[in-house]
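Chemist: So you can see what is in the structure, the chains are spelled out below.
Number of protein chains: 2
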Amino acid sequence: MSDAKVRLYVDQPLGAGQAVALTADQAHYLFAVMRLGAGDLVLLFNGRDGEWRAEVAASAKRGGTLACLAQTAPLQPPPDLWLLFAPIKKARTDFIVEKAVEMGAARILPVQTRFTNAERLRQDKLHAHAIEAAEQCGATFVPEVTDLQQLDRLLATWPADRRLMWGDEGLAGQTASLPDLPRGQPWAILIGPEGGFAETEKTRLRALPQIVPVSLGPRILRADTAAVAALTLWQLRYGDWA
Amino acid sequence: MSDAKVRLYVDQPLGAGQAVALTADQAHYLFAVMRLGAGDLVLLFNGRDGEWRAEVAASAKRGGTLACLAQTAPLQPPPDLWLLFAPIKKARTDFIVEKAVEMGAARILPVQTRFTNAERLRQDKLHAHAIEAAEQCGATFVPEVTDLQQLDRLLATWPADRRLMWGDEGLAGQTASLPDLPRGQPWAILIGPEGGFAETEKTRLRALPQIVPVSLGPRILRADTAAVAALTLWQLRYGDWA
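Protein sequences, first through last, are from chains A and B. Per the numbering used here, the first sequence starts with residue 1, numbered consecutively. Per the numbering used here, the second sequence starts with residue 1, numbered consecutively.
Calculated from the structure, these hints are not laboratory results. Keep in mind that a hint or two might mislead.
Heads up, the list lumps identical chains together, so a pair's fine if it works in one copy or across two of them.
[Claimed, not checked] As a list, the in silico SDA-like pairs of lysine to any residue whose alpha-carbon atoms are at most 25 Å apart:
no. : residue 1 : residue 2
1   : 5         : 25
2   : 202       : 138
3   : 5         : 71
4   : 90        : 41
5   : 5         : 202
6   : 90        : 178
7   : 202       : 171
8   : 125       : 199
If we strip away everything but chain A, and leave its shape as in the complex, we get (with noise of 0.2 Å):
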């Protein structure tokens, strides 16, 4: 993080000379919690623009601005991957989402099944979770987190060439592998509930043209788990890990 001790995403354009003004909770943040004030510096991402020091010019209780001066890093977005996952009990959740971020998803997609139990899934908390995950781990892009939506609906549209691989209890204990494929074609995983998936709900998987499904080890992984050994599998594979 160089001398910057913050990072902070801010939704607001970033370039040379740019201003940048703060919301309250920013400047609550960065003065009152972090205690900088004029000419410290912060390092700034907003999904599109790379990351930029910048200083801060201006401080007030409830605002303040800051002044860009340059890039330290350029966008990288993550390879175009897809997590859908079925939203478990709120801290796990959270913890998926966290996960999607530090591991390198574009895109954050919580699905209803058959077993899932969300009907309070708060959407606006958990893009917030992603903006707190990516401020960590050093990503300049934060995904989308898409509303709770029923996994049936969005198989029915799925698109054609977004292959789905799916962690397959069925092929517990088998070799973990993923086909011999070019890179940079668009994917999604597919994690499955705690309870795991309804039978139709599994015929219905097998029968689509995109799937592919994987073991993911010889013991049962609770849905966290899966998701990060997921996502590694995927990166190793054909993602930004290689």
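Following the hints, complete the assembly by docking chain B onto the known chain A.
Modeler: Just chain B now, kept in the frame of chain A:
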């Protein structure tokens, strides 16, 4: 889990016709929480004799007896892989132990580094957490969780034949790959603390003949994410996912 609703670790011998006496805690869980009664089925494992189907022979308020019927799975120990990690906040430490069990580590070693803050690590609680994870993930083995040890001292007597895989942040962005070595050899994975290693520690690690530095992708991973990702990478290359 077939027709058994409960999978339970017991620290007692298992075998055909073997009677298993329950502790007060186990009796409370089976009879009060899960409401099992005489003749109901339970799956048992002890980390040594595989998994056994057993039935409730006698139930009481503070005890009871199960009778082993038949083995349902042989003992499947994980590969000879240790996970060393610097404990962090309690919730994430618990997660790392849980994930190490699911991902198949044979031994879990919390280590004290320069930047580790973990005076109050409860080895007994972490061991109980490992047992719970094994009950959940279908493992027939429970990794040992050692007491907190100084990393320095551990490295001073590090076994000559045990390679140590280390997610070196200095390699961020390089290709994540492990050398072409035969399987079945002793290994360990080292996951650093949130604040990273001190420079003196990095120098020490890089000079260790058994060290195998590896990149874990272009983003900075939290310790618990890094643990799952590193375990996935290793299991795919040398372990029981391959």
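Chemist: All hints, please: hold or fail.
Modeler: Against the structure, the hints come out as follows:
For the identical chains of this complex, residue 5 and residue 25 are intra-copy neighbours only, at 17 Å inside a copy versus 49 Å across copies, given an alpha-carbon limit of 25 Å. Within a single copy, residue 202 and residue 138 get their C-alpha atoms only as close as 37 Å, which misses the 25 Å cut-off; across copies the closest is 21 Å, which meets it. With identical chains, the CA atoms of residue 5 and residue 71 are at most 25 Å apart within one copy only, with a shortest distance of 16 Å there and 57 Å across copies. Taking the closest pair of Cα atoms, residue 90 and residue 41 never come within 25 Å of each other, the shortest separation being 35 Å inside a single copy and 32 Å across copies.
In this homomeric assembly, residue 5 and residue 202 come within 25 Å of each other (Cα to Cα) only across copies, at 22 Å, whereas the closest approach inside a single copy is 48 Å. In this assembly of identical chains, residue 90 and residue 178 lie within 25 Å of each other by CA distance neither inside one copy nor across copies; the values are 31 Å within and 35 Å between. In this assembly of identical chains, the alpha carbons of residue 202 and residue 171 lie at most 25 Å apart only when taken from the same copy (12 Å versus 40 Å across copies). Proximity of residue 125 to residue 199 under the C-alpha cut-off of 25 Å is found in neither arrangement, the shortest distances being 32 Å within a copy and 37 Å between copies.
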